[in-house]
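Which chain is which? The protein sequence lines are R and S, in order.
Using numbering that gives the first Met the number 0, the first residue of the first sequence is number 0, and each one after it goes up by one.
Using numbering that gives the first Met the number 0, the first residue of the second sequence is number 0, and each one after it goes up by one.
Because the hints were derived from the structure by calculation, they are not lab data.
Here are the computed distance ranges between Cβ atoms for each label pair:
#: 1; chain 1: S; residue 1: 157; chain 2: R; residue 2: 41; range: 25 to 31 Å
#: 2; chain 1: S; residue 1: 199; chain 2: R; residue 2: 122; range: 35 to 41 Å
#: 3; chain 1: R; residue 1: 278; chain 2: S; residue 2: 144; range: 55 to 61 Å
#: 4; chain 1: S; residue 1: 157; chain 2: R; residue 2: 271; range: 51 to 57 Å
#: 5; chain 1: R; residue 1: 41; chain 2: S; residue 2: 312; range: 39 to 45 Å
#: 6; chain 1: S; residue 1: 157; chain 2: R; residue 2: 229; range: 40 to 46 Å
#: 7; chain 1: R; residue 1: 364; chain 2: S; residue 2: 125; range: 54 to 60 Å
#: 8; chain 1: R; residue 1: 40; chain 2: S; residue 2: 120; range: 36 to 42 Å
#: 9; chain 1: S; residue 1: 39; chain 2: R; residue 2: 37; range: 47 to 53 Å
#: 10; chain 1: S; residue 1: 196; chain 2: R; residue 2: 250; range: 50 to 56 Å
#: 11; chain 1: S; residue 1: 271; chain 2: R; residue 2: 271; range: 26 to 32 Å
#: 12; chain 1: S; residue 1: 271; chain 2: R; residue 2: 37; range: 23 to 29 Å
Straight-line C-alpha distance at most 27 Å; calculated BS3-like pairs for lysine-lysine:
#: 13; chain 1: S; residue 1: 41; chain 2: R; residue 2: 271
#: 14; chain 1: R; residue 1: 262; chain 2: S; residue 2: 41
#: 15; chain 1: S; residue 1: 363; chain 2: S; residue 2: 309
#: 16; chain 1: S; residue 1: 226; chain 2: R; residue 2: 271
#: 17; chain 1: R; residue 1: 2; chain 2: S; residue 2: 226
#: 18; chain 1: R; residue 1: 321; chain 2: R; residue 2: 263
#: 19; chain 1: S; residue 1: 41; chain 2: R; residue 2: 263
#: 20; chain 1: R; residue 1: 187; chain 2: R; residue 2: 174
#: 21; chain 1: R; residue 1: 309; chain 2: R; residue 2: 363
#: 22; chain 1: R; residue 1: 2; chain 2: S; residue 2: 271
#: 23; chain 1: S; residue 1: 263; chain 2: R; residue 2: 226
#: 24; chain 1: R; residue 1: 41; chain 2: S; residue 2: 271
#: 25; chain 1: R; residue 1: 226; chain 2: S; residue 2: 2
From the three backbone atoms N, C-alpha and C, an ideal C-beta is built for every residue, glycine too.
2 protein chains.
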Amino acid sequence: MRKVAVVAGGVSTWGVRSATWGELVQEAGNALFSSARSLGAKDVDSLFVGAAQPERFAFQSHVAPMTAELLGLHPWKVLRRNELACASGQAAIQDAYAAIASGLSDVAVVLGVEKMNIPSMAEATTSMANVLDRAWDGVQGGTAPPFFAMAAQRHMHEYGTTAEQMALVSVKNHKFANTNPKSQFYSKTFTKEKILSSPMVSPPLRLGDCSSMTDGSGAVLLVSEEKARTYTDTPVWISATAQYTDFHNLANMPSLSSWTGLKKAASELYQKGGIDPTDIDFAEVHDCFTISEIIEYEELGFCKKGQGGKFIQEGQSDLGGKVTVNPRGGLLGCGHPLGATGIGQAVEVLEQFQSKVPAARHVKDAEVALTHNLSGSANVHTLTLYRREN
Amino acid sequence: MRKVAVVAGGVSTWGVRSATWGELVQEAGNALFSSARSLGAKDVDSLFVGAAQPERFAFQSHVAPMTAELLGLHPWKVLRRNELACASGQAAIQDAYAAIASGLSDVAVVLGVEKMNIPSMAEATTSMANVLDRAWDGVQGGTAPPFFAMAAQRHMHEYGTTAEQMALVSVKNHKFANTNPKSQFYSKTFTKEKILSSPMVSPPLRLGDCSSMTDGSGAVLLVSEEKARTYTDTPVWISATAQYTDFHNLANMPSLSSWTGLKKAASELYQKGGIDPTDIDFAEVHDCFTISEIIEYEELGFCKKGQGGKFIQEGQSDLGGKVTVNPRGGLLGCGHPLGATGIGQAVEVLEQFQSKVPAARHVKDAEVALTHNLSGSANVHTLTLYRREN
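Bound conformation, chain R alone (with noise of 0.2 Å):
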């Protein structure tokens, strides 16, 4: 199994954009090539998107080889588009990552993008509800906003964490995003009073607690390492990846406030990475509602299960904390372009190693690091483990 290294990154202005679905891909592909020393199209063997519902939200199909087309790329290794909803740019990477690590590839972009801000919002709100079995879950009004409150009220019931407690996540993600002028609410102040009083939109879950329907691209630069040195004085080092598959359907799930897949793949990854959950200096995870960053601070084994919210009580998930989580502004603070999170969360792993983010969410001195993302109703975990070192 070969080394392989991000070298170069970059993402879009997130938010309600006018531009097109292409436009996105090319903000990306240019932010990517500007961030590269010396990176030529030629150069690029492979390419892997990470969209989720461009069927839908664009009517397009296809859209692997119209993004190398709209790059100027030919490869003539490996050209793939994976779809897994919310981690669909996470598992992107993590296929140029076997691909690499296989040999089939040398130099690959791996590029994620979706947009979502449509004509007709209510095609894109339903759309998004085929993510879930639409003949079972989806038929009983079983979307995302409600899985996820029913989640937080059996956490509130279980472990007695309060609407406050899941504000200050929101609270958090919000500054965090303030140090960031790309993501959705750059220079918005989000305190817990306004989120405390923001509309309900499935109880618990007010509207300061739910990640935004964004517009928004990103690609990174993934090598083997013999190439890694070409692009950049300061590769980052994939070190370990990790997933697990649970049930899909809410009432074959064991539970709804343990996210047991998450556990299981968090397992994985530190047993492969040969590390312990103290060894993580930041994670950036799936904040798409307050109470999943809580509910992952456990599995993630952050804090013991069912402190989660006294984790994010006591400061321990923020800068100068334990491990800072969603330094980069999370999905609450960043937007969620699905196809394009996963790819924004290994931009902020690759600038934070590389000392380019701004002091107020600088994680000094940092050498591990993981992303996460979920998809579905929690089902699916998707992690991946990052090293400064080589």
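With the hints as your guide, set chain S onto chain R.
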């Protein structure tokens, strides 16, 4: 790079089916699990799903975990869904190949599925159009039949290829499909005269020159070398993969009748496999239209450029000829359920090498075979090389 074997596989019946998308998934699963010796759900560490457009044909996204649930699987290593239009199935196989070759997975199910015959065939055919760039080619009516019709016209003009020669491709593939009870057109007779008098679709292509809208599924089991003999005594080995991405939009393509992307991919495949085209005993290629197979003979190096029409006329692609092409019945005879087509081809390779196919299509003593799918406007070409012996 670890060696990877195909050890089991099966397909559903293909055609216009009343089965739902989920039922097709389960039919493929049943076919696979009953074909492998001692395969249990708990053995399967990874799942790769090839599906082109469930978002539009079945209004369902995030189909990888849904497929896991329908098969009773909990993949704990890798979960992916690949979309590469008509090549989605083979792309999924290549993804599993990379995962196993790199050491990320040991036992992987690859399942391809498409449900194309839906209540609104207007919705289905319109969705097919979004395989090309809708903002450019699509808006000009540049969908599959007129594109391949233009390729045919140009090939006729340049090389003297005739409608009769194209019809012979369809006759051959339907003849083979009559040995295959799971094919869409099983027990239907297609003579040259019938094809040449079938309704005109897009000149010069008639209905008998075109593959169809098909519901179908299939699954194969890919495993590492260490696991191969657990599931069969006669594993088939993936010797090499190759892929090339040429220009996407019609206006950028240098030629309609020369598919240089396929020529490049084939050259890479043969070089990696240490063979030349004369070593290929049989080939499963992408005969979405009769002209496609003729051009593919040429670009794959089975005959000289421009001689594809002569090649079929002389019977060189029939059983007993230089290289048997599409013994399964091809897309013309079996139908073309997008995500399942590449899987059906792999199942044919497996069953040919394992001597499980009827004598009327059995390529005896075959040792080397390839599968090929194109996607889009023949701009992406995906190839896999298989060997019987270890």
